[in-house]
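Q: Given the coordinates of chain L, assemble chain W onto it according to the supplied hints.
Keeping their order, the protein sequence lines are chains L and W. Per my numbering, the very first residue in the first sequence carries number 55; after that it's consecutive. Per my numbering, the very first residue in the second sequence carries number 55; after that it's consecutive.
Note that these hints are calculated values from the structure, not bench results.
One copy or two, either will do: identical chains are not told apart, so a pair holds if it fits within one copy or between any two.
In the DSS-like style, the derived pairs of lysine-lysine whose C-alpha atoms are separated by at most 30 Å in a straight line are:
no.	residue 1	residue 2
1	354	160
2	320	354
3	68	320
Number of protein chains: 2
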Amino acid sequence: MPSPREASQSLQEKLNETLEAVNKTITRLLPETDLPEARLFDAMRYGTLNGGKRMRPFMVMQSAKIFNVDMKRARRAAAAVELVHCYSLIHDDLPAMDNADMRRGKPSTHKKFDDATAILAGDALLALAFEILSDPETHEDPRVRCELVKELALAAGGQGLCGGQMLDLLGEKEEFDLGTISRLQRMKTGRLMTFACEAGAILGKAGEPQRKALCNFAQDLGHAFQVTDDILDVEGEVIHLGKPTKKDDKAGKSTFVSAMGKEQAKARAEMLVQQAIRHLHIFQGDRAETLKELAMYVLKRRA
Amino acid sequence: MPSPREASQSLQEKLNETLEAVNKTITRLLPETDLPEARLFDAMRYGTLNGGKRMRPFMVMQSAKIFNVDMKRARRAAAAVELVHCYSLIHDDLPAMDNADMRRGKPSTHKKFDDATAILAGDALLALAFEILSDPETHEDPRVRCELVKELALAAGGQGLCGGQMLDLLGEKEEFDLGTISRLQRMKTGRLMTFACEAGAILGKAGEPQRKALCNFAQDLGHAFQVTDDILDVEGEVIHLGKPTKKDDKAGKSTFVSAMGKEQAKARAEMLVQQAIRHLHIFQGDRAETLKELAMYVLKRRA
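Next comes chain L alone, as it looks inside the complex (with noise of 0.2 Å):
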């Protein structure tokens, strides 16, 4: 719930908290080194600690918040989700994939260091938020923990990350339609939010027409999310977005600005944020008010 400094403080504000407790989680579960194979943990804080709005920790932390969770425990899962989130961004740049330079206006991890280590830094970090979920800091129950492995687990493999990544390069090559396009965003954006928005409620034991309820969220709003980055990557400036524009359109990939036009795609998201927002009614007063204020950002982000 809420407390009163929490309900005075603007999304911004909230956001900031959150990255700030987060970075400083991963900073602490990702120590320097001066073992021989420091390059290695050079490049995973490397590629995690390089800026990002961490979205995906603000869902966990936001979603456990409703059912009073320890937030020690949040972080770590919060953590968890967000190495995911890097590790497959980090392989996403990688010149056989993406082939970008640049990720959050700095050096992608494979231009700071080489594709080599980058490959190891993405495949650490992976095994690195297993470790994390399944140590008893995170919860005392082993039946949370693994619950929260599999879920993970599965968000990240060939039925989530991996297989709207395969989804999306093969979307290069020949055209998808509406149908394909939203299955690839579901896996490779929605299914790792959903999970984001589900930690919390599997951290708080909460009941399954909370637990679904905050899956239906995520789902829209990982929808959402996506649409609106098919037309930032069109309309967006490079300097908010750190990153090259209309890039999606260089590679001839299918997106859906190119499916169904902006002003349909604008319409959509508008449309997929509502109803995400309306998911969250069964939360009472305003349990779930800070959720509700990041669908709404969603919508009005500009990077």
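A: Chain W only, in chain L's frame:
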């Protein structure tokens, strides 16, 4: 405990039996699909079902037998270990890493598919391993499942496989002393083998001395395995290994052979295998007989 039938089987027969059982389990875990992202699953199957001795699954199965673990459960843990081993081979073979065109006598995964698909297939296999271990089908006790996840994550991550591979790559540029080479092998080979042997003890809720004995056995055997690998690289024949030989020398890598010479390396392997076997004396009768046979096999193998 070995059944009368097992007692009369040769090690090769037992290895073949595990190979077939684990391949069946992996095939069931990675069914063919006609989904648009099928290419990813094709690559995952190709990278895991393309031969291989299944030594690590054999270690899981044999250590599990000591504690009368249900074989269906043990096979799931064995499959998870093998998926991690195969993922690491897929990534290690990439042009950015060891740049190996052949693996087990066939084109390596990125040669058969492409680099991007190979990267994603490896990632998805790593995630799948954790999905398997966290599933109640692997063990009814969530504490056991969490322990399996945690130990596999440690074996796969920066302190294990990934850290070892990082060192291996750094070893192409600088000469390592024997201590660093040993450390490298412990991380790159030893750690996952140790988990393979420990997994049986975790599944069987074995006591600390039994678990420790299996870990020590695996550490020494893993070390011996890497030494014999280095020896095979300089004197083995392509036809047995299914991959080019003398590649370490060409890449200027520091190996046990380069650091201590072939004869001393052979003596070291023998000493390590004897030491490994001695750790198993804690198990009465012929309970650990097959693991002892496996240790002798590592010493004599030609591939």
